[in-house]
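Those protein sequences? They're chains U and B, same order as listed. Counted the way this note's numbering counts, the first sequence spans residues 1 to 218. Counted the way this note's numbering counts, the second sequence spans residues 1 to 218.
There is no bait here: all hints are sound.
Below are the SDA-like pairs computed for lysine to any residue, each with C-alpha atoms no more than 20 Å apart in a straight line:
hint	chain 1	residue 1	chain 2	residue 2
1	U	Lys196	B	Asp191
2	B	Lys196	U	Arg40
3	B	Lys196	B	Arg40
4	U	Lys196	B	Val188
5	U	Lys196	B	Glu190
Just the calculated beta-carbon pair ranges, DEER-fashion:
hint	chain 1	residue 1	chain 2	residue 2	range
6	U	Arg119	B	Asp200	34 to 40 Å
7	U	His132	B	Gln180	28 to 34 Å
8	B	Lys196	U	Arg138	35 to 41 Å
9	U	Asp163	B	Lys196	25 to 31 Å
10	B	Asp77	U	Ala192	22 to 28 Å
11	U	Ala126	B	Ala212	42 to 48 Å
12	U	Glu61	B	Gln127	40 to 46 Å
To be clear, the hints were calculated from the coordinates, so they are not data collected in a lab. Note that CB positions come from ideal geometry on N, CA and C, so glycine has one too.
There are 2 protein chains.
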Amino acid sequence: AGPGRAMRAAGAARGAALAAAAVTAVALAVAAWRRARPVREVLFFPSQPCCIEALLAEAAEPGEPARPCPCPLPSGDTALSRLVRRLLSARRSLDLCLFSFSCPQLARAVQLLHRRGVRVRLVTDAQYMGLHGSQIGRLRRAGIQVRHDQHSGYMHHKFAIVDRRMLITGSLNWTTQAIQSNRENVLVVEDAEYVKAFQDEFERIWEEYNPASYIFFP
Amino acid sequence: AGPGRAMRAAGAARGAALAAAAVTAVALAVAAWRRARPVREVLFFPSQPCCIEALLAEAAEPGEPARPCPCPLPSGDTALSRLVRRLLSARRSLDLCLFSFSCPQLARAVQLLHRRGVRVRLVTDAQYMGLHGSQIGRLRRAGIQVRHDQHSGYMHHKFAIVDRRMLITGSLNWTTQAIQSNRENVLVVEDAEYVKAFQDEFERIWEEYNPASYIFFP
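With the rest of the complex left out, here is chain U (with noise of 0.2 Å):
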């Protein structure tokens, strides 16, 4: 009976570390197909007002304990959180094109990315950036990078454009009132040929309101 046990117990070893091997194999398959299927989703405001703070935590610092946020706004899922997730998302780049951007929220998410390393360009609208509540003098101050038009007409746009790759854009504008308040759609598309008409347009207006080609009127 020894070694028929002995016997036993190597065929079980065996089977079970086959069955890991197989669990691991498709946990691996699943996270790839993952990986490979294009982002698609639309988000529709008005969002319930809630806390990025758990997002904001993982994303400064991965894999640490979240520190409970002593504020009474629920953390669920919510258009906004969705919104945020998909932002700081970002590994090396990020491209945003607001016609108005006054959103707390959303300025300190973008400000993480930039102190993360991550390359972010912002173009905006010449008479909306000074408005009360404006975020660009803050997210200037952090170091990031500035743009804006010199025209009559608004530069309106509201799109970004994550690490050259994933397309978010609507009829949004990244104000806590729009967020809250209206209702409004965002779209999130993982789709070269979307993302390449948006980029270069990004690329054009970025090059056009390059500072060294303001015109001054005496």
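Put chain B on the given structure of chain U with help from the hints.
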């Protein structure tokens, strides 16, 4: 030679018939492929001002020779003419969800569709529908159903759905200022998943803004 000539003539006739059949088959295949290929288009504004009389005339009386328009504007291929073409492709329904609608050219296109029997529904923002230049009154007088919010927040969407099949959405308000002077984007997407998300949002808003549910304060 008599029977030979007749046989040659019959052969030539058969050849011509075969060639004609082949040309027809290729044309049908190309048409089917065009129909099957979903529309994917990005329009950037500002658009050159352009004359859309020929487009409207062709939509009003298909096949009729277009009368030349006396206006000095070019009738070339612009972002505005492309947008108008997409709208005029509607055969059954046009659902509009527009923060601001003051462009007379787009209002004429919508009115034409209504006259042609397309079911037009329009949702708009209460604060903006009464502004100078708004086309909402004109469209209502023409018999088009319009609903609006009763909120302090804005109904800030800017999208259209053609035949429950094609989504037209972006940053562009339907104003002449936006079309001719602003930096704007419009996505045209024939994609069942995105269309369904926006169609559902439209139906939610349409029901929520039903005048039967208005709340009146004393």
